[in-house]
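Assemble the whole structure, with the sequences as input and the hints as a guide.
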Amino acid sequence: ASSEGRVGEFGGRLELVWRRAVSDRLEVALAGGLSLTSTSGRLHPLGFTDQWEGGHGVRFVEDYLVYLRLPSRTRVGGVLGAEVAARLSGRVWLRLEAGYLKSAAYEAVPEVDKILSYYSLDEADEEIARMVESRFDLRPLRLSPSRASIGAALVFRF
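Counting in my numbering, the sequence shown runs from 597 upward without gaps.
Certain hints may be false.
What follows is a list of derived Cβ distance ranges for each label pair [said to hold, decoys possible]:
| # | residue 1 | residue 2 | range |
| --- | --- | --- | --- |
| 1 | R665 | D620 | 48 to 58 Å |
| 2 | P736 | G629 | 27 to 37 Å |
| 3 | R616 | T670 | 31 to 41 Å |
| 4 | Q647 | D718 | 18 to 28 Å |
| 5 | S668 | R735 | 10 to 20 Å |
| 6 | A701 | V618 | 37 to 47 Å |
| 7 | G651 | E723 | 13 to 23 Å |
| 8 | G629 | A725 | 40 to 50 Å |
| 9 | V657 | G608 | 47 to 57 Å |
If you are wondering where the hints come from, they were derived from the structure by calculation, not from laboratory data. Remember, it's a predicted structure, so these values are computed and weren't measured experimentally. Built from N, CA and C at the ideal position, the CB exists for glycine as well.
Take a look at the structure:
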C-alpha cells in the first residue's frame, strides 16, 4: 500500500491598505498586516511489520497499518502586498497584484492516531498499539508555510 498525507491550513488576515489614484486611468495600492494560520494534517498509512519466533524455529509475521496525526498549531505572521490597477475602458479595470505571507514555521511531533491489522483492518488492541508506538522514533516535523503570490483580475466597477 502506498503512503500519503494531507496538510490543511485555515486562517485569516487583517490588513491596512493605502490606495492612491495616480491618474483617472491608473491606481496603486500598498497593503500590510497580520495573519493568523492554523495548520494540522494526517499521514497514512505507514506499514509496520512485527516478527517473532515461535516453537520449532517457526517465524511469525503480523503486518499493521499505522495512521499518524499532525497536531494543530496556530501561528501569527505578517502580510505585505502591492497592487496596480489600470482602467481599460469605462468601468472595466485590469488589476495586477503581488503579495508575500511570512508565517512562523509549523513544528510538531506526529502522533499515532490509530493502528489497524493489515489483513483484517480491525483496530489493534492496547498492548499491540503500545508495542508499535514504542518502536516508532517520531521526530519533530518542520514546515515553512510562508509563500509569495501573484495575480491578475478583470474588475467591473459599478
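Outcome of the hint check:
1. R665 to D620: 48 to 58 Å: holds (55 Å)
2. P736 to G629: 27 to 37 Å: Distance hint for P736, G629 holds at roughly 29 Å.
3. R616 to T670: 31 to 41 Å: holds (35 Å)
4. Q647 to D718: 18 to 28 Å: holds (20 Å)
5. S668 to R735: 10 to 20 Å: Given about 19 Å between the Cβ atoms, the range holds.
6. A701 to V618: 37 to 47 Å: holds (38 Å)
7. G651 to E723: 13 to 23 Å: About 21 Å separates the Cβ atoms of G651 and E723, which means 13 to 23 Å holds.
8. G629 to A725: 40 to 50 Å: Between G629 and A725, where Cβ atoms are some 45 Å apart, the hint holds.
9. V657 to G608: 47 to 57 Å: holds (49 Å)
Checked against the numbered hints above, the structure breaks none of them.
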